[in-house]
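Asks: In case you want the letters, here they are:
Number of protein chains: 2
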Amino acid sequence: MTKSAPDATPPSAPSTFTAAVQEDADERILKAAGKLFREKGFAATTVREIASAANMLPGSLHYRYASKDDVLLALMNRAVKRAMSAVRAAIGDVKDPVEKVRLALRAHLELLCNGDDSLYVLLFDWRSLPAGAREGVERERGRYESFWDGMLYEAHGSGRARPILDIELVRHFGFGAINWVATWYRPGGDRTPGQIADTFFAYLAYGLIHEPSRPKDLDTHFAAVMAASLKGQG
Amino acid sequence: MTKSAPDATPPSAPSTFTAAVQEDADERILKAAGKLFREKGFAATTVREIASAANMLPGSLHYRYASKDDVLLALMNRAVKRAMSAVRAAIGDVKDPVEKVRLALRAHLELLCNGDDSLYVLLFDWRSLPAGAREGVERERGRYESFWDGMLYEAHGSGRARPILDIELVRHFGFGAINWVATWYRPGGDRTPGQIADTFFAYLAYGLIHEPSRPKDLDTHFAAVMAASLKGQG
DNA sequence: CTTGCATTTGGTCGGACGACCATGGCAGTT
DNA sequence: AACTGCCATGGTCGTCCGACCAAATGCAAG
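Chains as they are written, first to last, in the numbering used here: chain R, 1 to 234; chain X, 1001 to 1234.
Since the hints were derived computationally from the structure, they do not count as laboratory data.
One or more hints might be untrue.
Computed footprint of chain X on chain R; a stretch qualifies when at least three of its residues, placed anywhere within it, have a C-beta under 8 Å from a C-beta of chain X [claimed, not checked]: (1) 40-46; (2) 158-164; (3) 170-183.
Backbone N, C-alpha and C define an ideal beta-carbon position, used for all residues, glycine too.
Starting from the given sequences, assemble the full structure and let the hints guide the process.
Replies: Encoded structure:
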């Protein structure tokens, strides 16, 4: 849109010191903005508050981000980037496709709960993103979701998952359960994000109904449930 | 807080006509506010917009709700009330405790997707509620959640669910998956809210991993997963 | 030391917001 | 027909926002 970050190398290469200061200032802005957006929402936060929390004057913030929207945009783009790399790092070179999903879930939830606030803002302040800027973030976010779909597809293809699953719906299902944790989780409780993620993974994988009371052939039962659902009033 | 709705009967009983007009005006305000809050968020919506959408002038709105906060408060209280009665109506006099959960899930999701916007605002604009007014809504919302916990406890006690489930965590899990639907669902898609709810219920109940690849004694496996999760790095 | 440029400063500007109220009209009552 | 009180009207008030900028500052290259 406008200048959001000096990504193009300036004519005269900046010294390492200057570059460090720039990075630091940008980082301070995004960190403060993330915290405030998460606590009060985008619209309820003023640029003065962000500047104050980042230990600078409003004008200095304006020098780096032409508008409040640009701050949000940069924050959201950073969120996708961090989520993607956190998940990639977590699965490492693990081969088991189901185990990969478990580790990815953990990484996503840990970033959401303990990491910076940008992921929370990306997920819960989506409406605040102006329509014009939405496209770019949406594309990156779509890449992240496709990455998940790839993992889920792999796990599905491994033969260990039910044959009639809709991958996209499964992703929505899991993302919902995991992302919603951010609405009730408070640090210092008796459960860490990692434990919650593992518990939820177990729920996801094995279900809440125990063995003796399950239908004999569950996959056929699944198909019957779907058919009944389609036949019924919706 | 201030006057929000004329719940106390006025000294001279109002005529049915006047009462109807009052109801209609209040309804129009809340409906318009819900729509706008959902689309743009609370802070980004102006009282003038609400008034305009409700076909009245700003002053008229101010006559019924002293502040924008009061509109939000009334909307959220109405949301809890509607959710509670929608779920109660849906389960009717069904006895099977597991089937009750399925019907309740459907009712909740249908209200969230097709009903008015108040439930969405309650769930996703929680931060906008001023701290002072939060208590009352929180109490009512707690009653709704306790109602769910009662259903889940009943289903759990029926012996058909796994013995080691944490009811509150299960509620968070299910609420997350279901509530998150509101972030991606668009009417007119190839799936109705009822179908989505039934599919998610099947996921919840039976899990995504199919029979041949399940551990032999899943309940023991569950316990092992939880123990490992507690022992690990969190 | 000096020059040039990136960065910060501190304040201003137009505009839009939430809150408020004196007024007028139109019910239903006498 | 005159009255009475409820309710909508439409405009005003003070506040504070986002955006902007001209001037001051300070680092780094020449």
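Asks: Could you tell me which of the numbered hints above are not met by this structure, giving the numbers in increasing order?
Replies: none
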